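2 protein chains.
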Amino acid sequence: MSGMQHLEQSLRYQFKERDLLRQALTHRSYAGKHNERLEFLGDGVLNFVVAALLFKQFQRIDEGDLSRVRASLVKQDTLAQLAQQLQVASYLRLGEGELKSGGFNRPSIQADAVEAIFGAIYLDGGFAAVYKVIEQLYRPLIEQSDPKTLGKDAKTLLQETVQALRMDLPVYTVVDTQGAAHDQTFVVSCTLDQLGINTRAKGSSRRSAEQAAASLALAAIDKQHKAN
Amino acid sequence: MSGMQHLEQSLRYQFKERDLLRQALTHRSYAGKHNERLEFLGDGVLNFVVAALLFKQFQRIDEGDLSRVRASLVKQDTLAQLAQQLQVASYLRLGEGELKSGGFNRPSIQADAVEAIFGAIYLDGGFAAVYKVIEQLYRPLIEQSDPKTLGKDAKTLLQETVQALRMDLPVYTVVDTQGAAHDQTFVVSCTLDQLGINTRAKGSSRRSAEQAAASLALAAIDKQHKAN
Numbered sequence: 092m093s094g095m096q097h098l099e100q101s102l103r104y105q106f107k108e109r110d111l112l113r114q115a116l117t118h119r120s121y122a123g124k125h126n127e128r129l130e131f132l133g134d135g136v137l138n139f140v141v142a143a144l145l146f147k148q149f150q151r152i153d154e155g156d157l158s159r160v161r162a163s164l165v166k167q168d169t170l171a172q173l174a175q176q177l178q179v180a181s182y183l184r185l186g187e188g189e190l191k192s193g194g195f196n197r198p199s200i201q202a203d204a205v206e207a208i209f210g211a212i213y214l215d216g217g218f219a220a221v222y223k224v225i226e227q228l229y230r231p232l233i234e235q236s237d238p239k240t241l242g243k244d245a246k247t248l249l250q251e252t253v254q255a256l257r258m259d260l261p262v263y264t265v266v267d268t269q270g271a272a273h274d275q276t277f278v279v280s281c282t283l284d285q286l287g288i289n290t291r292a293k294g295s296s297r298r299s300a301e302q303a304a305a306s307l308a309l310a311a312i313d314k315q316h317k318a319n
Numbered sequence: 092m093s094g095m096q097h098l099e100q101s102l103r104y105q106f107k108e109r110d111l112l113r114q115a116l117t118h119r120s121y122a123g124k125h126n127e128r129l130e131f132l133g134d135g136v137l138n139f140v141v142a143a144l145l146f147k148q149f150q151r152i153d154e155g156d157l158s159r160v161r162a163s164l165v166k167q168d169t170l171a172q173l174a175q176q177l178q179v180a181s182y183l184r185l186g187e188g189e190l191k192s193g194g195f196n197r198p199s200i201q202a203d204a205v206e207a208i209f210g211a212i213y214l215d216g217g218f219a220a221v222y223k224v225i226e227q228l229y230r231p232l233i234e235q236s237d238p239k240t241l242g243k244d245a246k247t248l249l250q251e252t253v254q255a256l257r258m259d260l261p262v263y264t265v266v267d268t269q270g271a272a273h274d275q276t277f278v279v280s281c282t283l284d285q286l287g288i289n290t291r292a293k294g295s296s297r298r299s300a301e302q303a304a305a306s307l308a309l310a311a312i313d314k315q316h317k318a319n
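These protein sequences, in sequence, are chains Y and A. The opening residue of the first sequence carries number 92 in our numbering; numbering runs sequentially from there. The opening residue of the second sequence carries number 92 in our numbering; numbering runs sequentially from there.
Just to be clear, a hint being listed does not mean it is correct.
Pairs count within a copy or across copies, as identical chains cannot be separated in the list.
[As the list claims (entries may be wrong)] Here are the simulated DSS-like pairs of lysine-lysine, each with C-alpha atoms no more than 27 Å apart in a straight line:
1. 314 x 246
2. 239 x 124
3. 147 x 191
4. 239 x 223
5. 124 x 147
6. 246 x 293
7. 107 x 147
8. 124 x 166
9. 243 x 147
10. 166 x 223
11. 166 x 147
12. 191 x 314
No lab work stands behind these hints, which were simulated from the structure alone. Nothing here was measured: the structure is a model prediction, and the numbers come from that model.
Construct the entire structure; sequences and hints are all you get.
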């Protein structure tokens with residue numbers, strides 16, 4: 092179990108009952124006690140601790156922005172990133188089927204295990220202990236985050252950006268659809284006449300193509316600003 | 092401020108900084124600092140503490156059932172019930188418009204204030220203090236609750252009930268629609284042939300009429316069982 096010691100070092104938390112950590116790392120495909128109840132508990136404590144950290148960090152941000160930023164910080168992508176950082180994949184216990192299909196590397200399995208670890212720490216060491224662990228892991232993410240933009244989609248950001256520049260709103264146009272009806276690809280352009288910007292992007296839905304085109308337009312605005 | 096003392100007694104918590112309690116009771120329609128950030132914080136701590144209480148109370152229930160029961164315990168209706176019990180309405184601070192339109196009695200405003208109070212207690216007294224307050228308020232609700240049924244809709248419960256009785260599934264039929272297209276009322280029947288049960292109910296959507304008819308069918312089954 093020397094492996095678990097390394098994980099404990101990364102977490103900066105030492106379990107009194109290591110069985111709890113072991114359970115947190117056990118996927119339901121593995122025989123025996125798995126981590127889904129711990130994940131339920133860990134999801135709860137994570138959501139709250141991140142709420143408390145954001146409440147303290149951003150004193151003048153309203154609850155709508157706090158909610159959006161929190162959603163972005165506790166979503167699967169972010170948790171899977173933390174799982175990478177903690178090298179959770181190498182400690183996971185999976186059943187045969189999951190093993191063979193590469194379940195170790197599946198973001199959802201990794202993210203769930205991270206939440207379960209938080210649940211296990213709460214049970215093992217109490218609230219203060221898990222608060223400290225989550226704070227250490229999230230402090231860098233929170234300090235880097237801009238609560239006015241984090242978690243906003245590209246179309247919203249682009250709209251806010253052009254409004255701040257007092258320019259006309261972007262115009263999205265479907266310029267092409269490719270493929271059969273059930274498996275279409277949409278090509279959408281995003282035009283900002285006054286800025287001389289016209290971008291194009293593909294997506295499996297009109298919406299996703301628009302978002303991609305908006306991202307490119309944001310990058311183009313950014314480039315113009317840096318050039319000036 | 093003797094009123095606030097009574098509220099503190101109901102909560103069994105005494106604030107060090109009563110301004111926090113005052114802010115928790117202040118709706119955004121009122122001038123000055125309102126309770127929405129505290130509500131964000133309180134929502135987080137409530138969700139987590141109820142998760143932790145359920146985790147402890149129901150050792151053999153899987154995370155799906157835990158989530159459903161929690162959702163039922165933290166929803167607006169339940170919080171508005173707690174608000175009634177704490178007589179929160181009489182302490183609320185609302186703006187003119189809300190005052191005139193009876194905002195005191197609006198379940199959403201009351202429920203939000205209860206969450207904000209939890210947030211305020213966390214800030215004032217820390218996690219252990221708010222855990223204790225929430226536990227006292229929720230203990231009776233949790234002890235009464237059946238984790239196999241709480242939060243399930245009537246159609247789901249009815250289906251599970253007839254399956255347990257090894258009977259045919261209920262049949263729902265729209266027997267009448269009344270009113271104009273944009274404002275229709277649906278009349279739906281729910282038939283359980285083998286039990287000789289046929290109920291009818293109205294609703295503003297087909298779905299809500301089916302749920303109401305299922306509720307009546309559940310009551311009818313219950314009555315048959317008590318008669319035997």
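* **Indices of hints not satisfied (ascending)** => Numbers 3, 12 - these are the hints that the structure violates, sorted from lowest upward.
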